[in-house]
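Number of protein chains: 2
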Amino acid sequence: MKEWSRKVYLELPRPCEEDHRSMQKRLLAALRDCGSFCAGNEPKSELVRDETDIRIRPEVLNSCLEVCEQADWQVTASLGFDGRIWEMLDLEPGDTTAQHYGLCADLGSTTIVMELINLNTGETLASESVFNPQIAYGDDILTRIFYTKDHPERRRELQEATAKGFRKLMERLSEKTGVDTGKCNILTVAGNTTMIHFLLGLDAFGVFQSPYAVQTLEPEVCRGAELGIPIQGFVYICPAMENYLGGDIISGMLATGLPDREEISVFLDVGTNGELVVGNREFLLAGAGAAGPALEGGSVRTGMRAENGAVDRVTTEHGQLKAHVIGGTEAKGICGSGIVDLLAELYLNGWIDLRGRFQVTETEIEESAGGGEKGQSRIPGLTKQLLRDAASEKDTEYAIEYAPGLYFYQSDIDEFIRTKAAAMTMVEYMMNLIGLTMEDVGCFYVAGAFGTHIDKESAVTIGMYPDMDRDKIISPGNTSLKGAKKLLLDRSLKEKAETIIERMQYVQFGAVEEFIELMRAAQAIPHTDLQRFPSVSARLEQRRKSDPKTDPKTDPKT
Amino acid sequence: MKEWSRKVYLELPRPCEEDHRSMQKRLLAALRDCGSFCAGNEPKSELVRDETDIRIRPEVLNSCLEVCEQADWQVTASLGFDGRIWEMLDLEPGDTTAQHYGLCADLGSTTIVMELINLNTGETLASESVFNPQIAYGDDILTRIFYTKDHPERRRELQEATAKGFRKLMERLSEKTGVDTGKCNILTVAGNTTMIHFLLGLDAFGVFQSPYAVQTLEPEVCRGAELGIPIQGFVYICPAMENYLGGDIISGMLATGLPDREEISVFLDVGTNGELVVGNREFLLAGAGAAGPALEGGSVRTGMRAENGAVDRVTTEHGQLKAHVIGGTEAKGICGSGIVDLLAELYLNGWIDLRGRFQVTETEIEESAGGGEKGQSRIPGLTKQLLRDAASEKDTEYAIEYAPGLYFYQSDIDEFIRTKAAAMTMVEYMMNLIGLTMEDVGCFYVAGAFGTHIDKESAVTIGMYPDMDRDKIISPGNTSLKGAKKLLLDRSLKEKAETIIERMQYVQFGAVEEFIELMRAAQAIPHTDLQRFPSVSARLEQRRKSDPKTDPKTDPKT
Numbered sequence: 299m300k301e302w303s304r305k306v307y308l309e310l311p312r313p314c315e316e317d318h319r320s321m322q323k324r325l326l327a328a329l330r331d332c333g334s335f336c337a338g339n340e341p342k343s344e345l346v347r348d349e350t351d352i353r354i355r356p357e358v359l360n361s362c363l364e365v366c367e368q369a370d371w372q373v374t375a376s377l378g379f380d381g382r383i384w385e386m387l388d389l390e391p392g393d394t395t396a397q398h399y400g401l402c403a404d405l406g407s408t409t410i411v412m413e414l415i416n417l418n419t420g421e422t423l424a425s426e427s428v429f430n431p432q433i434a435y436g437d438d439i440l441t442r443i444f445y446t447k448d449h450p451e452r453r454r455e456l457q458e459a460t461a462k463g464f465r466k467l468m469e470r471l472s473e474k475t476g477v478d479t480g481k482c483n484i485l486t487v488a489g490n491t492t493m494i495h496f497l498l499g500l501d502a503f504g505v506f507q508s509p510y511a512v513q514t515l516e517p518e519v520c521r522g523a524e525l526g527i528p529i530q531g532f533v534y535i536c537p538a539m540e541n542y543l544g545g546d547i548i549s550g551m552l553a554t555g556l557p558d559r560e561e562i563s564v565f566l567d568v569g570t571n572g573e574l575v576v577g578n579r580e581f582l583l584a585g586a587g588a589a590g591p592a593l594e595g596g597s598v599r600t601g602m603r604a605e606n607g608a609v610d611r612v613t614t615e616h617g618q619l620k621a622h623v624i625g626g627t628e629a630k631g632i633c634g635s636g637i638v639d640l641l642a643e644l645y646l647n648g649w650i651d652l653r654g655r656f657q658v659t660e661t662e663i664e665e666s667a668g669g670g671e672k673g674q675s676r677i678p679g680l681t682k683q684l685l686r687d688a689a690s691e692k693d694t695e696y697a698i699e700y701a702p703g704l705y706f707y708q709s710d711i712d713e714f715i716r717t718k719a720a721a722m723t724m725v726e727y728m729m730n731l732i733g734l735t736m737e738d739v740g741c742f743y744v745a746g747a748f749g750t751h752i753d754k755e756s757a758v759t760i761g762m763y764p765d766m767d768r769d770k771i772i773s774p775g776n777t778s779l780k781g782a783k784k785l786l787l788d789r790s791l792k793e794k795a796e797t798i799i800e801r802m803q804y805v806q807f808g809a810v811e812e813f814i815e816l817m818r819a820a821q822a823i824p825h826t827d828l829q830r831f832p833s834v835s836a837r838l839e840q841r842r843k844s845d846p847k848t849d850p851k852t853d854p855k856t
Numbered sequence: 299m300k301e302w303s304r305k306v307y308l309e310l311p312r313p314c315e316e317d318h319r320s321m322q323k324r325l326l327a328a329l330r331d332c333g334s335f336c337a338g339n340e341p342k343s344e345l346v347r348d349e350t351d352i353r354i355r356p357e358v359l360n361s362c363l364e365v366c367e368q369a370d371w372q373v374t375a376s377l378g379f380d381g382r383i384w385e386m387l388d389l390e391p392g393d394t395t396a397q398h399y400g401l402c403a404d405l406g407s408t409t410i411v412m413e414l415i416n417l418n419t420g421e422t423l424a425s426e427s428v429f430n431p432q433i434a435y436g437d438d439i440l441t442r443i444f445y446t447k448d449h450p451e452r453r454r455e456l457q458e459a460t461a462k463g464f465r466k467l468m469e470r471l472s473e474k475t476g477v478d479t480g481k482c483n484i485l486t487v488a489g490n491t492t493m494i495h496f497l498l499g500l501d502a503f504g505v506f507q508s509p510y511a512v513q514t515l516e517p518e519v520c521r522g523a524e525l526g527i528p529i530q531g532f533v534y535i536c537p538a539m540e541n542y543l544g545g546d547i548i549s550g551m552l553a554t555g556l557p558d559r560e561e562i563s564v565f566l567d568v569g570t571n572g573e574l575v576v577g578n579r580e581f582l583l584a585g586a587g588a589a590g591p592a593l594e595g596g597s598v599r600t601g602m603r604a605e606n607g608a609v610d611r612v613t614t615e616h617g618q619l620k621a622h623v624i625g626g627t628e629a630k631g632i633c634g635s636g637i638v639d640l641l642a643e644l645y646l647n648g649w650i651d652l653r654g655r656f657q658v659t660e661t662e663i664e665e666s667a668g669g670g671e672k673g674q675s676r677i678p679g680l681t682k683q684l685l686r687d688a689a690s691e692k693d694t695e696y697a698i699e700y701a702p703g704l705y706f707y708q709s710d711i712d713e714f715i716r717t718k719a720a721a722m723t724m725v726e727y728m729m730n731l732i733g734l735t736m737e738d739v740g741c742f743y744v745a746g747a748f749g750t751h752i753d754k755e756s757a758v759t760i761g762m763y764p765d766m767d768r769d770k771i772i773s774p775g776n777t778s779l780k781g782a783k784k785l786l787l788d789r790s791l792k793e794k795a796e797t798i799i800e801r802m803q804y805v806q807f808g809a810v811e812e813f814i815e816l817m818r819a820a821q822a823i824p825h826t827d828l829q830r831f832p833s834v835s836a837r838l839e840q841r842r843k844s845d846p847k848t849d850p851k852t853d854p855k856t
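Chains A and G are the protein sequences, given in the same order.
Per this note's numbering, the first sequence starts with residue 299, numbered consecutively.
Per this note's numbering, the second sequence starts with residue 299, numbered consecutively.
It should be emphasised that the hints constitute simulated quantities derived from the structure, not laboratory data.
Be aware that a few hints might be false.
It does not matter which identical chain is used: a pair holds within one copy or between any two.
Claimed, not checked - Listed below are the simulated EDC-like cross-link pairs for lysine to aspartate or glutamate, each with C-alpha atoms no more than 20 Å apart in a straight line:
1) K481 - E455
2) K462 - E473
3) K323 - E516
4) K323 - E561
5) K323 - E793
6) K447 - E367
Pulled out of the complex, with its shape left as it was, chain A reads as follows (with noise of 0.2 Å):
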C-alpha cells in the first residue's frame, strides 16, 4: 500500500551558526528522516528515488519562515504524489497530522458524486453530488460533443462547467464537515472518456467518430490549480482502456476486484451506455454497446431520473396496477426501476405477451379506437393514446396508464425491449465466445443506480439479468466512486489499473451476424426461449392460479 498524500510532523533544528543550512534542506532532510520516507539514505532503486526525491517549489517555500517562527519549529508538512515524485505542497503550524483528507469523486454525464476521505481511517466522512453543470451544453454526451466540434474555445467552456461542479461539490463537503476541502493534497477521479476529455477541456470528438482515436486514455497527474479545481495537490485520473471502455470502468474492477479472483465474474455497467466485463484473475474481456439511456428511463415518453415524483415500484394489487412515488408526491413519470416493475407485471399479468405487445381482441381495438377515451379493454388502463406530435388523428398508439394521466406507450415498450436485449446481448455474446454458461458464473454485477434501486425479481422477469441464483446477482452501487476512493487510499492501485488495463482484451460487437441473431432472440420478455427462465414460467404459473383470467399463453390474436 502506497499512499497519495501524507502529512509529516517535524520539529525541525532552529538555524543556528553550526547549522545554517537552507530552509530547503533543512526541510528535506527531516523529511527524508521520517520513517515513510526512509529506505535506506542512498536512493538504490527507482522506486526509492522517487520515495525519497521530494520537490519543493518556491511558492510553498515562500511561507515555511512565517510558519516555523510562529510555531516554534514544531511543524507538519503536507505532501502529494504527482506521479513520478513527491511534492510538498503545504506547511501548517503544530502537528496537524490528525486533519488529513483527501477527495474521490465519479464524474458521470449526468451526476458529478465527491465523497470527503480521512485519510488516516479510510472512513468517509461525506457524499456530495450536483448535477453534472455540462448539462446546460446538452442533456446528452453527443450533444455536448458537437457543442465543442470545430469551435476548440468551447473546450473552455465544457471544462470550466465541470471545474464549476467539483467546485460546488468541495464547498458543499466543506460546509457539511467543516474540514477545509482546499487543504487536500489529491483528489481521485473516475469518469467516462468524454467525461475526461472535457474535465481536461480536449477535444472528445475522436470518442464518437471513426477511427475512434482520442486525446488520451490515460492522462498525466494534474496539479489541481490546472483544472481550476482548488485544491492544494494533485488530481488523479483513473486511466481508460478505450474510448467506450472508460476509467470509470476500470475503477468498476478496483472497486469489485473481479479482475482478481478465480472465480469468473460479469460486471454490468448501464448509464448512458453499457459496458460489460466478463473475466477472472486469468482472463479479462471487455465490450461497450448502445444499452442506451432508455433503461434509466431516458427515451421513454415519460421517463424521468429516480427523484421526488418518479414512479420507482409497481405492483399489480386486486388486478389493478398500483404505483409507488419517490417521496409520496404525485406522480411525475416514471424511473428506470419503475420501467422495469411495470413490464414485469404487464408480463406477468398477461397484459403483454413475450413480444411486449398489448393483448387486446379486435374487438377492444374497434371500441377504444373511437375517441381517445378509456376503451373497454379487460387490461385497466389501457387506452389508445394520441402520439405527441402527430400529423393526423390516425397516429395512435396503445399506452397504459401507470398512474393517473402518466401513460406508458407500446413503443416505449419496444424501445425498453431492444434496449435490454442489447445489454443482455452482450453477456450472451462473450459468454458464448468463452464457451460458459451463466450457470459457471461466480457473480453478475449490474453497477450504478440502476443496479441499485431495481427489483432483482422484476428485472430477471422480463430477461434483463439472467435467471440465475439471485444471491450472487450483486447491485455492488457507484463502482465508479468506489473504486476512485480505493485508488485514493492506495497508490498502488495505479499500477494495478494499468495493468488492468494491458490484461483487458476489448470485443467488438454489432456488426457481427451472431452477435445480431442472438439479439432477436433476446428481444422478447423474458427471452424467446422461456426455458433459459425457468423461474419466471414458475411466477407465471403462479400468478395464473391466483387469477386464472390472465394467461399469457392466450394470445387472442392468433
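Assemble chain G onto chain A, guided by the hints.
Same frame as chain A, but now just chain G:
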C-alpha cells in the same frame, strides 16, 4: 553532453481502424522512437527512465489534433527537461527544428544581461541588458532586503520587478532577432543568492542575518509561467554554495574551467561584494568578503557607473593629470577603472605616499587652508575642499581635481585603499592557508565588468593585483553569464555545478587575527612590503628619472 531542450521532427502515422491509439500515446511512441531518446525500449536504469519518460500536459495536448491535421501529421515537438523528466511543451506544424533557441541570463543586482542562443549551433544571436528594476526598491541590496522585511507581500513586488526585467530583455531580444523568445524551452539564470531569492519571491533576510540560513541554495527547476517569465518552458537556476557565495560564482567556475585544471588558479569577482575561489581539480577553497562597491566607484563621492560622462582612464602628461571621458562628453564622475588609474598616477607622480596621503608641505597646507580655492601646492589640482554636509568650515579635506570641477578626496582614497586591501587580503590569506604564493598560480581571473575595464598596470601599481606575469592575469568578463550559457548548452553541467559545490570548502574571513594583520599590511600602495611589487619599484624609478621632482620616497612631513 545532455540538452535541456529538444526539437524533434515527427511524421506521425495517421489514426486508422488498425491504429487508433490516443494522440498522447501516438506522440509519446513517436518521440521515444527518435534516436535522441532511444536507449533501448525498456527503461533499464534511472537515467534511461528519465530520458524516455515524457510528460504531455492536457493544456499542450489540447491543440495537438488541430496542428496535426493542419500539417498533414508532419509536426515538430518541442521538449524541455524539468530537472527530472522531459515534457512536451509545444507542437508546431512542419519541420521547425532549425529554429531552436534558448536563453541565458546573469541576474546582477544592478544589471540583468540576457543572451539568445541558437541551440543548434551554440551561437549567441543577440545580447541585451537592462538595469535591474529592483533598483526602484533600493540602490543597494540591503535596502531592498529591508524593504521586504516584515512585509511578506512586498516580496511579491520584488519578484514582479525582477520578472519585469526578464520580460523586457525577452522583448528586446525578440525585436532584435525576430525570434519568438516565448517559444524557448529553457532559460538558465545565474545570480547571487539574494538576487535568486528575489527572483523566486523569497525572503532574503537570511542572506545577511546571522545565522545566515537562507531559503534555498538549489532551487527547483521552475516553469517560466510560475515566475512571470513568458517562456513556454523551464527556468533553471544555477545553484549556490553559500549565502555569500552565489550561483554567479559557481557559474563562473563553469565558465573558467578552474575546478578541472591541474594548475592552481585564483578567481576573484569584485562587485557589490568580493568573492574568491582558489583551487584546481584537487581542491577548491572559496570565500567572500566586503570587497565592496568602492572598487566600482560606489562609495566614492563622484563615483559613477562606467557609462557616458565617466572618467575611465587617467594619465599624466607634462606633469598634469589628464582624464579620458567615456563618450567624449564633459566629465560627470569617475568609474572603477578611472579610480585605479588615478591612484596609480598619484602614486607614481609622488603626489600620494604609500599610505595614500597627499604629499603637501605644512606651508602648502596653511596657504591652501585659506578659502578652499586652488592652493599653491606643488601638486597640480590639489586643494582643500569643504566636505559635503560639513558642520563647520573646519570640515575640509584635501582633494584633487581630476577633471574640471570634479574632486577625489583624501577620504575617497582611504576608502578605496581599505577596500582593495580587503580584496587582496582574501587572496593572500587563502594562499597562506594552502602554503603557496602567487608564483604557484597559473591564472589570476578577475571576473566582471571591473576586471574587463581596468588597466592591468595601474591595478598592479596600486597593489590591487599581484605583481605577476601579466599574461596570467585574465579578465574573463561576465563569467556568470558565460557559465549560464554553458549550462544552457549542456545540462550535464547541472551535476557538475552540484559537484563543485560539494567539493568547495568555505573559508571564513574577517574575524581571524592573521587576516586582520595581513589586511593592515595591505593597506598601502601597492603594499607595505614594496619588495613584493618589483615591477612597481621599476616604474617608480623610471617615472622619477623622467621627472626628478616627483619622488615618493621624499616624504615632506618627516
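Now the hints, each set against the structure:
1. K481 - E455: This pair counts as neither: shortest intra-copy Cα distance 26 Å, inter-copy 26 Å.
2. K462 - E473: within (16 Å within a copy, 41 Å between copies)
3. K323 - E516: Answer is between: at 9 Å across copies they meet the 20 Å cutoff, but 34 Å inside does not.
4. K323 - E561: Cα proximity of K323 and E561: none, with 52 Å in one copy and 33 Å across.
5. K323 - E793: between (31 Å within a copy, 17 Å between copies)
6. K447 - E367: between (54 Å within a copy, 14 Å between copies)
Consistency with the previously given hints fails for numbers 1 and 4, ordered from lowest to highest.
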